[in-house]
Amino acid sequence: MNQLLAIAKKELRTYFVSPVALIFVASFLVAVLFAFFWGETFFRRNVADTRPLFEWLPLLLIPLTAALTMRLWSDEQRAGTLEILLTMPVQVHRLVLGKFLAGMALVAIALVLTLGLPITVSMLGDLDWGPVFGGYLAALLVAAAYLAIGLCISSGTQNGVVALLLTGFACVALYLVGSEGVLAFANGPLAELLSSLGTASRFRSIQRGVIDLRDLVYYGSLTVGFLFLNVVLLEAKRWSVGKGTQARRRALVVAAGLVVANLLLLNLNLAGVRGARIDLTERSEYSISPATTKILRSLDAPLLIRGYFSKKTHQLLAPLVPKIRDMLEEYDAVGGPRVHAEFLDPRDKPGIEKEANESYGIKSMPFQFAERHRAGIVNAYFHILIKYGDKHTVLSFDKLIEARATGIGKVEVKLRNLEYDLTRSIKKLAVGFTPLEDVFARAGGKVELVGYITEKTLPKNVAKLPKLIAKVAKELGARSGGKLNYRTVDPSGEAKKGLRQQLFERYRFRPMSASLFSNDYFYLHLLARVGEGKEEKIERIYPSFEMGEGELKKEISAAFKRLVPGFLKTVGVVAEKEQPRMNPMMMRMGRRPPPPRDKVRLLKTKLSENYQTRDVSLASGRVPGDIDVLLIIGGHGKLDEKSRFAIDQYLMRGGAVIVMVGRYALSLQGGSGLGVKKVESPLFGLLSAWGVEVQPSMVLDKQNEAFPVPVEREVMGYRVREIQLLDYPYWIDVRPDGMAEGSPVVAGLPSTTLQWASPLSLSKRDGVETTVLLRSSATSWTETSTNVQPDFKTYPKKGFGVPKDAKLERRPLAVLARGGFPSAFKGKASPLFADKAPAGAPKGKKPSDAELSKRKASRVIARAPKQARLAVIGTADMVDDQVLSISRQSGGERFINNLRLVQNLVDWAVADTDLLSIRSRGTYARTLRPLEPGEGRSWETINYLIALLGLGLLLGLTWFWRKGVKPLALPIGSERAEKKEGGR
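Letter by letter, the sequence shown follows residues 1 to 984 in my numbering.
Warning: the hint list may mix true and false statements.
To be verified - Straight-line C-alpha distance at most 35 Å; calculated DSBU-like pairs for lysine-lysine:
{"hint": "1", "residue 1": "K534", "residue 2": "K764"}
{"hint": "2", "residue 1": "K497", "residue 2": "K642"}
{"hint": "3", "residue 1": "K391", "residue 2": "K446"}
{"hint": "4", "residue 1": "K866", "residue 2": "K537"}
{"hint": "5", "residue 1": "K311", "residue 2": "K391"}
{"hint": "6", "residue 1": "K294", "residue 2": "K399"}
{"hint": "7", "residue 1": "K553", "residue 2": "K577"}
{"hint": "8", "residue 1": "K606", "residue 2": "K391"}
{"hint": "9", "residue 1": "K677", "residue 2": "K638"}
{"hint": "10", "residue 1": "K702", "residue 2": "K798"}
{"hint": "11", "residue 1": "K471", "residue 2": "K826"}
{"hint": "12", "residue 1": "K363", "residue 2": "K604"}
{"hint": "13", "residue 1": "K467", "residue 2": "K554"}
{"hint": "14", "residue 1": "K606", "residue 2": "K678"}
{"hint": "15", "residue 1": "K798", "residue 2": "K678"}
{"hint": "16", "residue 1": "K467", "residue 2": "K534"}
{"hint": "17", "residue 1": "K826", "residue 2": "K464"}
No wet-lab data here; the hints were simulated from the structure.
Work out the full structure: start from the sequences and follow the hints.
Below, the structure is given as structure tokens:
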């Protein structure tokens with residue numbers, strides 16, 4: 001070992017004594033920095049990753065390692081010193097390893113000097129260090145392979161230039177075999193074979209942060225194989241041609257063949273091993289999540305996942321096919337006996353192709369392609385069938401991929417969050433069509449429906465309701481196989497005073513007044529209960545007096561579905577619709593105005609991936625009982641008292657409410673451009689009663705998203721109107737440092753943008769837990785003006801600025817709350833209560849005003865149970881279709897994060913975090929924080945200085961080692977010594 005290290009040290013010192021080390025490192029740093037800041041335009045990409053650093057390394061290392069190794073053995077042969085080395089008491093393999101380690105040390109030094117780049121990225125954004133570690137490991141592995149190839153070739157020739165060219169050719173060939181450009185023109189098995197042989201494809205796999213045993217063995221095989229061949233070639237130079245060494249020569253050749261053959265067999269045997277890997281990414285983005293495993297293993301019926309993919313497909317889709325196949329095999333491996341995954345080309349099996357076309361509507365799609373010598377159309381399959389029981393869904397290519405333009409004529413195609421797309425589809429199939437019988441079958445422990453009913457004091461208009469409830473309960477009991485038990489309890493009478501107190505304290509059940517003119521009070525409450533003791537779950541049911549049998553059955557069934565996990569939930573959406581403007585001329589011509597525009601259609605589409613969504617009317621004063629989450633978007637200025645009462649009482653029953661409303665909203669002002677209008681909403685009073693105040697102002701933030709703003713400027717006396725991409729402080733860019741730490745709602749969310757948002761404040765309410773979910777940055781302030789366009793007269797550079805009297809601080813923009821909210825109608829009359837005496841009511845003394853008020857309030861639930869949930873965001877425009885469209889046009893995909901935030905809120909509201917955890921692991925762009933003017937150039941300069949400092953240290957080391965070099969003294973009497981003496 002000491003001998004090996006001595007050789008490596010000697011070789012490394014040789015690099016530094018000569019200019020080789022400096023030239024190598026300097027060339028490497030220049031190439032890397034140019035590729036990072038200029039070739040990949042790091043700051044223009046605005047993505048917090050190190051892809052520009054590592055993407056070009058497999059190519060950059062080829063000429064550098066070739067130049068580094070070209071003279072290692074060829075110079076020894078040309079100078080005649082190789083024979084001396086081979087006759088020294090040093091084993092040949094130690095000579096080879098010593099030179100190899102010296103080269104690796106020099107490469108490692110060069111890579112260390114690039115650490116300033118990932119550190120810079122981490123200071124400018126939320127960098128995932130897993131891919132950084134993977135990138136450096138991949139760089140060392142590919143450098144090791146290139147060095148081994150270069151050493152082997154250098155030992156076979158005396159000409160350094162020939163060694164340089166042959167090494168470069170061999171390494172380029174290995175790189176191109178697995179490059180995306182070559183793979184794009186190969187299909188099926190050929191593409192997979194080329195991908196497995198190329199250094200480029202293997203490098204990308206490790207660079208993304210996944211350490212796969214197959215990739216390690218591949219690079220190890222290249223390195224070990226060529227180093228062994230290097231040893232054999234050097235040993236061959238010591239061979240004689242006599243018969244005495246014939247056996248040894250043959251043995252070495254056989255050994256070389258066996259080593260190469262075994263390395264090939266090792267790689268072939270490991271080709272099918274897909275689970276031996278480590279995912280270094282922060283959220284394990286390339287591994288099957290525990291949530292998916294849990295969902296797969298909870299399935300009750302067989303699940304078939306079948307991939308229909310043509311061997312010949314579009315060149316941009318071809319590289320994605322192996323990744324999809326690997327994922328399907330992962331599902332098959334972790335899903336257990338009920339899950340079966342297949343991957344096939346329908347054209348090879350006509351029967352399956354016919355079934356796909358006729359039974360599942362899967363048909364090949366025409367893709368236009370362009371190759372080097374021709375262009376045309378290829379009809380290909382790119383579909384995934386998911387079949388659960390007798391239900392199925394199909395994911396076609398438009399649901400599996402996302403494409404974006406990366407330049408003129410360039411398109412980047414990549415998979416969306418494949419695991420999320422597969423798992424949500426499986427879950428929706430499994431829970432979306434479940435019969436009621438399965439609800440009771442899955443319910444663990446005791447299943448009971450309890451009616452707290454005082455039949456003797458019921459008003460006449462609801463006297464038939466108890467029998468109707470009993471009838472529905474009997475029918476549901478039969479469908480449950482006798483598992484559901486229904487019983488009634490009469491809490492009236494003096495002896496039941498303790499029970500009534502218990503009902504109020506535990507379930508918030510209170511007696512209701514029969515009418516304004518009656519002294520009778522009654523109970524008509526239902527309680528759905530599943531489980532016992534600590535495992536008990538309850539759901540309160542408040543039957544409406546006008547309910548028929550069908551509505552009652554739907555209400556009770558929905559309650560039990562909420563109690564049993566794993567069933568499709570329903571999101572009720574209350575959103576304002578916008579009436580499109582119509583040309584007055586068209587109106588005069590008798591044209592009908594267009595229908596109101598749905599402003600949140602994109603959000604509904606996203607929510608429908610995992611939930612049933614439907615628009616809800618609140619005019620009746622009651623939210624339908626099968627609604628699991630009530631999503632209110634916008635101010636709803638015409639929200640009447642009954643509608644407000646419906647929202648309030650839904651929360652009081654233990655429901656989940658998400659409110660998105662601010663004091664300002666988008667107003668497209670026709671020819672005058674962009675603007676906002678003030679919002680006056682009855683919702684503010686409701687929120688205030690629950691402890692959340694929406695402040696009458698807008699938040700502006702220096703940390704914001706750029707926005708295409710219409711700008712007017714004067715040119716030679718003329719006003720020119722143009723669109724400029726400006727930092728727009730009204731579009732608040734909330735990053736992880738402004739998100740609630742530890743909250744699953746924002747876990748994995750890189751950023752979200754809140755447009756024209758109002759600040760929130762919280763008031764303490766007993767029994768209510770609150771969390772500030774989103775905050776603006778410390779450089780935010782507030783304004784109340786509705787003029788949101790840039791003012792270049794006051795602020796010539798940016799159009800916006802911070803007023804002198806502004807107070808810069810963080811401000812809450814979104815909050816979560818949970819617990820016993822007080823009702824906004826507490827102590828007030830129920831708007832559903834009739835003021836008139838019912839027909840046949842007993843005549844007598846008119847009740848006092850206090851008694852009337854008490855009776856009116858008796859039908860109001862005054863406090864919510866502890867499981868009630870409320871989320872409030874200080875803007876509704878963040879999910880408006882027009883706003884999202886504008887955000888997308890500004891050159892980014894960040895608008896998707898707004899939709900993900902609402903999806904996460906719905907998951908939180910229904911306490912279903914399985915898909916939330918998978919969605920947060922999906923691929924997304926970690927963007928850089930907003931930079932001040934000139935800040936990017938400053939960071940770029942700092943990295944240049946770091947590189948120069950590193951080169952300066954290497955120069956000092958070179959000078960130090962050169963200083964220690966002493967010329968070899970010539971023997972006295974030699975011809976050169978005499979000439980030297982004579983010269984003096």
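For each hint, the structure was consulted:
| no. | hint | in the structure |
| --- | --- | --- |
| 1 | K534 - K764 | holds, 29 Å |
| 2 | K497 - K642 | holds, 33 Å |
| 3 | K391 - K446 | holds, 31 Å |
| 4 | K866 - K537 | holds, 13 Å |
| 5 | K311 - K391 | holds, 28 Å |
| 6 | K294 - K399 | holds, 24 Å |
| 7 | K553 - K577 | holds, 32 Å |
| 8 | K606 - K391 | holds, 21 Å |
| 9 | K677 - K638 | holds, 16 Å |
| 10 | K702 - K798 | holds, 11 Å |
| 11 | K471 - K826 | holds, 34 Å |
| 12 | K363 - K604 | holds, 28 Å |
| 13 | K467 - K554 | holds, 16 Å |
| 14 | K606 - K678 | holds, 29 Å |
| 15 | K798 - K678 | holds, 25 Å |
| 16 | K467 - K534 | holds, 32 Å |
| 17 | K826 - K464 | holds, 29 Å |
The structure is consistent with each of the numbered hints, conforming to all of them.
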